[in-house]
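Taken in sequence, the protein lines are chains A and B.
In this text, residue positions in the first sequence follow our numbering: the first is 92, and each later residue adds one.
In this text, residue positions in the second sequence follow our numbering: the first is 49, and each later residue adds one.
Mixed in with the good hints, there may be bad ones.
[Claimed, not checked] Dumping the calculated DSSO-like pairs for lysine-lysine here, alpha-carbon to alpha-carbon at most 30 Å:
#1 A/Lys-93 with B/Lys-195
#2 B/Lys-195 with A/Lys-139
#3 B/Lys-162 with B/Lys-108
#4 B/Lys-195 with B/Lys-162
#5 B/Lys-108 with B/Lys-195
#6 A/Lys-139 with A/Lys-93
[As the list claims (entries may be wrong)] Just so you have them, the derived chain A footprint on chain B, three or more residues with Cβ under 8 Å:
#7 150-159
#8 185-197
If you are wondering where the hints come from, they were derived from the structure by calculation, not from laboratory data.
Quick caveat: nothing in here was measured; it's all calculated off a predicted structure.
All residues carry an ideal CB built from backbone N, CA and C; glycine is no exception.
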Amino acid sequence: MKYIVLQNIAPDQGPIIRPAGPDEPPVTVDETIVRGETPEERAANVQKLIVLGVIAPEPEPEPATTTTARKAATKAEE
Amino acid sequence: MSQTSTAYSARNSVLEISTDGSSWTNISGSSSSVTPGDGTRLTGTAHTFDGDGPIITAGKLDAQESTISILYTETSGEAYETARAAFATASSTLYVRSTPLGATTGNFRHTTGKGVITAFPQFAEIDAASGDPMALEFTVQHPGWTKSTVP
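Isolated chain A, as found in the complex (with noise of 0.2 Å):
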């Protein structure tokens, strides 16, 4: 999973990672920058980057179907 960055970082190792500027691409990180001993601290402290606003998850990216499939689909769901 993407996360885009909305604050300056700094790693324990590394240069700052810092937020795309308004005309740029999203800078995104993934997990791993993350500290954490267990998969289950690092999940824990990245909810916690998510509510300090410091990164937000990337948006998926939308299944590549045609505006008549998509239209078929949410008749079909109605």
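Since chain A is already given, all that's left is putting chain B on it; use the hints.
Same frame as chain A, but now just chain B:
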């Protein structure tokens, strides 16, 4: 406004230095204090015939001088040998990074821009009458500090 419950001492602070701003050496175990520079902005003033007070204009941020107190040790990788080696290079480049509340996710981490060690005593003051650990202080001149978050 209610009194804060989130004030802390410096007991968990982490201090790190780097010669490239990327590879960091934790010197918390052999340093005792860091005093950040004043963080001043250049300003100018002018008086006009009309009005009583001055017009004040804001310029750019000034360079800062931060001082770091370290213990004199002769162990490789500790504060003295790491900083002395940085000072001994032709550029004396040094970046400093402080994490006041400790390296825990969500805490602030303040990092200097690329700085220069401007003063570094070759060794600590030697006083036969003192029982204190030998310590010295060095100065880094640098652009401001950047606030980041510990991930």
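Status of each hint after checking the structure:
1. Under the criterion of a C-alpha separation no larger than 30 Å, the hint pairing A/Lys-93 with B/Lys-195 is consistent with the structure, at around 23 Å.
2. For the suggested pair B/Lys-195 and A/Lys-139, the alpha carbons sit about 18 Å apart, so the restraint of at most 30 Å is met.
3. In summary, the hint linking B/Lys-162 to B/Lys-108 is supported, as the alpha carbons are separated by about 17 Å, within the 30 Å threshold.
4. The straight-line distance between the Cα atoms of B/Lys-195 and B/Lys-162 is roughly 15 Å, inside the 30 Å bound, and the hint therefore holds.
5. Taking the CA atoms of B/Lys-108 and B/Lys-195, the gap is near 18 Å; set against the 30 Å cutoff, the hint holds.
6. A C-alpha spacing of about 16 Å is found between A/Lys-139 and A/Lys-93, which places the hinted pair at or below 30 Å, so the restraint holds.
7. Counting residues of the region 150-159 of chain B whose C-beta lies closer than 8 Å to any C-beta of chain A gives 6; at least three are required, and the coverage claim holds.
8. For the region 185-197 of chain B, the proposed coverage by chain A is satisfied: 4 residues have a C-beta within less than 8 Å of a C-beta in that chain, meeting the threshold of three.
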